[in-house]
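Going letter by letter, the sequence shown gives residues 1 to 122 in our numbering.
In short, the hints are calculated from the structure, not lab data. Glycine is no exception: its CB is placed at the ideal position from the N, C-alpha and C atoms. Where hints are given, some of them may not hold.
Distance ranges between label pairs, derived from CB positions [to be verified]:
#1 D111 with D3: 23 to 31 Å
#2 E33 with Y9: 30 to 38 Å
#3 G78 with D101: 26 to 34 Å
#4 D116 with P96: 24 to 32 Å
#5 S53 with S90: 17 to 25 Å
#6 D3 with L92: 30 to 38 Å
#7 D7 with E35: 37 to 45 Å
#8 A2 with L54: 18 to 26 Å
#9 G78 with A2: 15 to 23 Å
#10 R52 with G78: 19 to 27 Å
#11 H76 with A2: 38 to 46 Å
#12 Q93 with A2: 15 to 23 Å
Below, in silico cross-link-like pairs of lysine to aspartate or glutamate (EDC-like), each with a Cα-Cα straight-line distance of 16 Å or less [unchecked claim]:
#13 K79 with E35
#14 K79 with E115
#15 K79 with D7
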Amino acid sequence: MADVTIDDYTLRNALYGAARDCGTTAFEQCNFEREHHHIGDDTGRLALAALRSLGSHDAMVVVVEYLASINRHLDHDGKTRIPLAAVLRSLLQVLPGASEDEVETIRLALDVNAEDYWGAPL
């Protein structure tokens, strides 16, 4: 089988789209914990792949796209949004195979940049 190379643009869009899909799935499965929100191992793997392939900004965007997706569904149903702080509290548990440095890099990128990226508090 031939090696397949994916350009950064295609990879980035695939990771972001998959994160949005994970948010929709979490909503459909009634995963609304707001104190320590577990974004799921699938989203964690996407964030880790983004970090390792594209950098901390893209890892942050993966998590923000997930959170924005689930919160759009919650807004539509008149339910309380999940805050970014709840995701940060459970981040260590959702990054299977990540080193402590990788977890801290993603946490820091989210803490420092997520609201500016999205343009509103998360």
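> Which earlier hints turn out false for this structure, listed by number in ascending order?
Replying inline: Those not satisfied are hints 1, 3, 9, 10, 12, 14, 15.
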